[in-house]
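Asks: For what it's worth, this note's numbering labels the leading residue of the sequence shown as 35, then goes sequentially.
These are computed hints drawn from the structure, not numbers from a lab.
On a predicted model such as this, the values are computed, not experimentally measured, just so you know.
Here a beta-carbon is modelled for each residue, glycine too, at the ideal position from N, C-alpha and C.
There may be inaccurate statements among the hints.
Okay, the calculated beta carbon distance ranges per label pair [what the hints assert, rightly or not]:
1. E37 <-> L97: 34 to 40 Å
2. K38 <-> E224: 22 to 28 Å
3. G247 <-> D213: 30 to 36 Å
Here are the simulated lysine to aspartate or glutamate pairs, EDC-like style, with alpha carbons at most 16 Å apart [to be verified]:
4. K279 <-> D214
5. K264 <-> D213
6. K98 <-> E145
7. K169 <-> E145
8. K160 <-> E133
9. K144 <-> E170
10. K63 <-> E94
11. K160 <-> E104
12. K275 <-> E256
13. K160 <-> D213
14. K217 <-> E256
15. K144 <-> E127
16. K279 <-> D39
17. K160 <-> E121
18. K38 <-> E251
19. K105 <-> D174
20. K144 <-> E94
21. K98 <-> D174
22. K98 <-> E138
23. K134 <-> E85
24. K144 <-> E188
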Amino acid sequence: MQEKDIWTITVGTTIGTSRSAIEFAEQHKGVWATVGYHPEHFTSDYHDEAEGDAGTYSIEEILKLATSSEKVVAIGETGLDFYRIDETRNVEEGKAQQEKAFREHITLAKELDLPVVIHCREALTKLAEVVQDEKEKGWDVRGVVHCYTGTWEEAQPLLDLGLYLSFTGVITFPPRKADDPEKHVHRVIERMPLDRMLVETDAPWLTPVPFRGKQNEPAYVEYVAAHIAKLRGMPLEEIEKITTKNSLQLFSL
């Protein structure tokens, strides 16, 4: 990353990883952190060994972490993950539990005047409803839907609400022949406002072509930007400048 002059925000997904994100950010120039609790941990026994123990959710603990360092620039990863609700659990109760925690993260972000990093899987319509509801309560949610893979139809309400969309190496994967081209994420990239676009890797997952199948790393973000430049018919340097500017603005860097 340093060799390529790439900056990064390392993302907390539990109390433990949020704490580690801060510690890492404080050790390196050009690195910042977020603090939050991933929605899948409320409703699924799925466990990523690299993530460590999910621990116990506590919005009070997230508040303490958020105010412990100037390197914390956002609340999250938070959001909705209706894909990760185990069959042994009540689906509606699981969805309600995720939503409750998501709204608590949003409230905390409002109190601290920070953006939110939003995870959303199989719940984009509900996500727009929650953000719209918060808007009607008097606060425009500032934030980014990370690793966006939805359709243009699903993206439009989120963009109308002022959210940013961020793209990963998934966009470099060749479309499946059975997929409807109109519903592919490429249509979103081609049509959305450039001033609301971010790039990321979600490392160590979702490694872009030409390294697909290997461990991902933040420096590979250049391949995501290059694919966006190709889809938009623009120079790579311009996409780099625009997405960097957008990150600086959203995260107040």
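Asks: Confirm or reject each hint.
Replies: The hints, checked one at a time:
Take E37 and L97: their Cβ atoms lie about 36 Å apart, and the range 34 to 40 Å holds. Roughly 26 Å separates the CB atoms of K38 and E224, a value that falls within the hinted 22 to 28 Å. Between G247 and D213, the C-beta spacing of about 20 Å breaks the proposed range 30 to 36 Å. For the suggested pair K279 and D214, the alpha carbons sit about 33 Å apart, so the restraint of at most 16 Å is broken.
About 20 Å separates the Cα atoms of K264 and D213, which puts this hinted pair outside 16 Å; it is violated. About 13 Å separates the Cα atoms of K98 and E145, which keeps this hinted pair within 16 Å; it holds. Between K169 and E145, the direct Cα distance comes to roughly 15 Å. Compliance with the 16 Å bound is thereby established for this hinted pair. Our distance criterion of 16 Å between C-alpha atoms is met by K160 and E133, whose separation comes to about 9 Å.
A distance of roughly 14 Å separates the Cα atoms of K144 and E170; the hinted pair therefore holds under the 16 Å criterion. A distance of roughly 28 Å separates the Cα atoms of K63 and E94; the hinted pair therefore is violated under the 16 Å criterion. Among the hinted pairs, K160 with E104 is inconsistent with the structure: their alpha-carbon atoms are about 32 Å apart, more than 16 Å. Of the supplied pair hints, the one linking K275 and E256 holds, its CA atoms being roughly 12 Å apart against a limit of 16 Å.
About 23 Å separates the Cα atoms of K160 and D213, which puts this hinted pair outside 16 Å; it is violated. For the suggested pair K217 and E256, the alpha carbons sit about 25 Å apart, so the restraint of at most 16 Å is broken. Distance restraint check for K144 and E127: the Cα-Cα separation of roughly 26 Å exceeds the 16 Å cut-off, and the hinted pair is therefore not satisfied. Of the pairs offered as hints, the one joining K279 and D39 holds, with about 15 Å between alpha carbons and a cut-off of 16 Å not exceeded.
Between K160 and E121, the direct Cα distance comes to roughly 20 Å. Violation of the 16 Å bound is thereby established for this hinted pair. This hinted pair checks out: K38 and E251 have alpha carbons roughly 12 Å apart, not beyond 16 Å. Simply put, K105 and D174 have alpha-carbon atoms about 23 Å apart, too far for the 16 Å limit, and the pair is violated. Taken as a hint, the K144 and E94 pair is honoured in the structure, with Cα atoms around 15 Å apart against an allowance of 16 Å.
Note on K98 and D174: the hinted pairing is violated, with a Cα-Cα distance of about 24 Å set against a maximum of 16 Å. At most 16 Å may separate the alpha-carbon atoms for a hinted pair to count; K98 and E138 meet this at roughly 14 Å. Between K134 and E85, the direct Cα distance comes to roughly 23 Å. Violation of the 16 Å bound is thereby established for this hinted pair. With a CA separation close to 25 Å, the supplied pair K144 and E188 exceeds the 16 Å bound.
The structure fails to meet hints 3, 4, 5, 10, 11, 13, 14, 15, 17, 19, 21, 23, 24 from the earlier list, while all remaining hints are met.
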